[in-house]
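Asker: Chain by chain, the residues:
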Amino acid sequence: MTSDILAEAMDYIDDDLISQAYSYSRGRPKFSKPLAVAALVAVVVVAAVAAIKYSDAFITAPDSGDSSTTAEYFGGFMPDKISDGELEYEGTPFTEKEISTFVEKNKYDLIGAIAAEYGDFESVYKISTSGYSHVNLGETNTLKYDYVDLPVCRDDEIIAKITLFRSDGGLSYTISVRGKAFDKYNSIYQGNLSAELAFFYYGFEELIITPTNHIYRVHGTEETLEIDRSMNYYEKYATEYNTFSYNELTDEKKYITVKPLPEEQINDGSAYTSSDIEEETAEAPETSTVRTVNIYVEDLMSEEIASVEWGSGYDLMLDRPFRVCTEAQKSEMLRFIENMKPTEAAEPVQYYGGGYIVRLVYADGTRASVVLMGGDQVYFETSEGESPIYVDTNGNASALAEYIVSLI
Amino acid sequence: MDDTSIIKLYWERDENAVRETAAKYGKLCIKLSENILNNKSDAEECVNDSYLTVWNRIPDERPDYFSAFLCRIVKNLSLKRLEHNTAQKRNPEMLVSLDELQECLPSDNLPEKSFDARLLGKSISDFLRKQKEVDRCIFIRRYWYSDSVKAIAEDLGVKEDRISVTLFRMRKKLKIHLEKEGFCL
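These protein sequence lines are chains H and P, in that order. Position one of the first sequence corresponds to residue 2 (our numbering), numbered consecutively onward. Position one of the second sequence corresponds to residue 353 (our numbering), numbered consecutively onward.
Hints are computed from structural coordinates only; laboratory data are not their basis. Just to be clear, a hint being listed does not mean it is correct.
Simulated coverage check for chain P against chain H, where a stretch passes if three residues somewhere in it have a Cβ under 8 Å from a Cβ of chain H [as the list claims (entries may be wrong)]:
| no. | stretch |
| --- | --- |
| 1 | 387-396 |
| 2 | 419-425 |
| 3 | 468-475 |
| 4 | 489-501 |
For each residue, glycine too, the CB sits at the ideal point set by N, CA and C.
Based on the provided sequences and hints, a complete structural model is requested.
Answerer: Below, the structure written as structure tokens:
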């Protein structure tokens with residue numbers, strides 16, 4: 002087959018397809034995924050949240066809460082336009098006392114997880130107790146009081162972020178570690194040491210805006226960010242609740258210092274002091290070996306799927322780095338995959354139009370039906386329900402599916 | 353202005369038709385032509401020639417998909433211009449994109465008469481219609497518009513390797529599809 006024939010054949014592709022590709026690019030549909038995908042986000046979040054109740058691999062507090070508000074908080078889909086209307090408010094503001102009390106009560110859990118990720122149980126970590134919320138930009142510009150991000154610092158560098166949020170009358174949290182986002186955070190902070198930076202979500206994008214209205218994009222380059230730059234977002238929408246200065250991490254009234262407990266103590270579970278966690282752990286099925294995976298494994302897998310990211314669902318759907326990522330989790334997942342074995346079924350792997358269906362047994366004999374949906378999602382199906390480990394709409398699930406199939 | 357209105361201007365022989373076409377599709381046409389020619393001034397000339405061609409063809413034609421109609425003209429004129437240019441001036445992106453796609457197709461030792469480009473094109477269209485919209489668009493941008501992986505990634509706001517993985521996966525699927533359709537050994 003020569004390139005000429007190929008070029009000629011490509012020229013016979015239908016007009017509507019060619020036209021659509023152009024419209025698609027112009028419309029930047031990555032930010033306007035179909036409603037079905039939006040629904041899927043909600044489903045995934047619900048499933049992920051449900052799954053953490055029997056999983057200790059997901060670093061989050063119990064009662065992680067209302068999935069719809071969680072998804073909403075992280076911005077959702079790209080708004081068509083940004084209103085220039087007055088700022089609206091939603092939820093109840095966190096007080097520094099409320100945050101301090103929570104952090105103090107859970108500090109060993111929080112820092113234990115982060116220390117495990119970095120394999121550093123010797124350093125002293127600082128957790129901000131002031132933090133910041135975000136204003137979600139869109140048709141309405143809303144300050145979401147019910148969520149607050151608390152930067153975590155080690156050796157003057159931001160190395161993690163705890164998102165504390167209200168849920169079902171209580172508080173829950175997730176932790177973000179690693180990823181290029183933290184390089185960007187540090188770079189922005191270092192360039193604006195004393196500035197009160199304002200934090201926004203614009204659809205998928207987290208934006209940090211300086212008092213001079215300079216817009217930083219946490220994920221990606223500023224040059225390709227499409228946003229109406231005629232408006233001064235800082236002037237209009239920066240409040241005491243969505244601003245944060247790096248200097249706050251040098252004010253000892255605004256952070257709590259924590260030295261992690263020894264690693265062994267964390268691993269044997271004795272470090273968990275929260276009564277909620279103890280209660281929740283007691284409810285977890287003892288026999289469950291299927292974990293909800295929340296891993297970023299760029300360097301673990303084959304080159305072919307180097308870009309595959311693993312997640313608990315909503316982070317992945319929103320194309321962000323994962324909020325939780327521990328070395329222990331990486332090892333766990335890798336071990337999990339490598340130990341999977343086909344069932345006695347005649348055709349453990351079945352290929353169909355959309356991908357694979359694979360039925361496997363976990364190494365310890367606990368039966369787990371693993372369903373791999375190429376192109377869309379990969380999830381485990383157990384007697385307790387479905388646990389998505391990977392969902393996206395960009396095709397990477399297929400690569401993951403193919404990789405897992407190749408191990409069989 | 354919507355495409356129907358632009359076409360109406362052509363039918364009315366209103367010179368604003370060209371102005372509106374350039375305003376709406378000028379950037380795309382230049383980009384498409386540049387992808388082929390790797391030369392901005394050549395691309396601009398081709399695009400201007402394309403507007404003239406469109407002016408001459410409408411009427412009598414009334415395209416259902418004006419952007420595709422226009423882009424086909426731009427592409428054809430750019431390819432013709434490419435023939436007159438030296439090999440060194442060719443944009444490697446276009447050649448690379450075709451090379452990538454070749455792996456989906458039958459081996460070189462098959463007689464070329466085995467292939468009807470029109471049927472092959474139709475089969476590829478059929479395949480693309482079964483794919484997710486985002487994948488389909490990535491594929492067409494890469495292999496029809498000859499956009500670079502980097503450009504597509506930037507435009508869609510995703511990592512380059514994500515685009516590469518998507519293309520890799522689609523090429524494999526396309527190969528299976530074409531085999532089923534009898535295009536491959």
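Asker: None of the hints should be skipped; say for each whether it holds.
Answerer: Now the hints, each set against the structure:
no. : hint    : result
1   : 387-396 : violated (count 0)
2   : 419-425 : holds (count 5)
3   : 468-475 : holds (count 5)
4   : 489-501 : holds (count 6)
In the structure shown, a violation is registered for the earlier hint numbered 1 alone.
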